[in-house]
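Asker: What follows is the residue order along each chain.
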Amino acid sequence: MISTFALTLALAGCASGPDTTTAQGQMTIGSRAARQGLWREAMFRYRKAVQIEPANAMALSNLGVAYESEGDFENAREAYLKALQSDRANPYIQKNYSRFSEFYQKYKKREPKVLDGEQGTEQAPATETPKPPAVPEEKKP
Amino acid sequence: MRRFAIAAALLLAPVPLFAGVFEATLTLPVRPRLALTEGTHLAIAPFVIVVAAEDRIDRASRVDVQEEFSRYLKKKLEKETELEIIDASSADLPTSDVRELAANRDFWKSIAAKNGADYVLTGAIDFDIEDKAGYKTEEYTSPVDGRTYYRQVLVESTGFVFDIVLAVFDGDTGEKVAEENFRDFKQFDGRNYDELMGLFENLRSMEKQILSIFVSQETTSTRYLFD
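These protein sequence lines are chains S and P, in that order.
Residues in the first sequence are numbered from 1109 upward in steps of one, following the working numbering.
Residues in the second sequence are numbered from 1068 upward in steps of one, following the working numbering.
Hints in this document: simulated from the structure, not taken from any laboratory.
C-beta: ideal position from N, C-alpha, C; glycine also.
Hints may be right or wrong, so weigh each one.
Claimed, not checked - Covered stretches of chain S (in silico footprint by chain P; criterion: 3 or more residues with CB under 8 angstroms from a CB of chain P, positions within the stretch not fixed):
1. 1138-1149
2. 1161-1171
3. 1182-1195
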């Protein structure tokens, strides 16, 4: 809380700070927050960046990372896929998506069997298993 | 096939960091394999030892893997989970054939009933020690003439392999509800490294994996962010 406040103050006090009307400006503030582990603030800024430039691959990828850090994996997947659709050739985005996919597949595989100790009965998991992430079509040269 | 090879190479290749890109470390959850409710009674039954101590002629025969592992497991599960752990390691297994044992539902039901357990934890363990010695070529700069020579150096090491299959059986039905296989290899300089120390080094490495059957764990992973 104090760190968020300090960051806000620091940014407000900085006369030549990032231009918050541009996607780049929002991303800069978001990444400063992410560096300090303030992921909610970072997510807010990356969302703003995406609102300003919906096809900005870097902002979308950053947003994916922020969602992931907050445990919102479905939205993270969506953001990564949109980032890849916008810039298929970016190696950082490719790497982020492959790392995320690897983690998420394992995570989904471990959909826990909810077992009740007293009854010994197996209950259905609360959510249904979503389909594995679809890789966007490769652009032909 | 070629496309697959290119994709695999892309995934494996390290990406150099350019200006405006930095790496962030995320802490991500690892779900438990079984979500057992608090207070569930879990009995630790004996494990099948793949090569029994009496059949061994190496140093691994000096370690009572059954006893050491059961004790370790009980201590860890009591500390890290909310389960009620029951020691049922003194029970006699009807067979040492892992498949036959897994199919013997009545046996698991009887173990559970005798110990008042909801679930039974068991499995198979293979612990191996490999003392190795060999020659390695090493660069050597002579203090006399300052020239570089190559010389053969004797290298000795001890390797510890711990391979385990953990299985959980439902006490009411005798049915297997989870099975996980873990393997760890550790190598230490010098021959005759203490076998018990080696065993515990293996167990320490696998601790998170073993516990992840019953409780959530965390893992870290890096992602790239753009400034």
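Asker: Compare the structure with each hint and give your call.
Answerer: Hints, one by one, checked against the model:
no.: 1; hint: 1138-1149; verdict: holds (count 3)
no.: 2; hint: 1161-1171; verdict: holds (count 4)
no.: 3; hint: 1182-1195; verdict: violated (count 0)
Hint 3 from the earlier list is the only one contradicted by this structure; the remaining hints agree with it.
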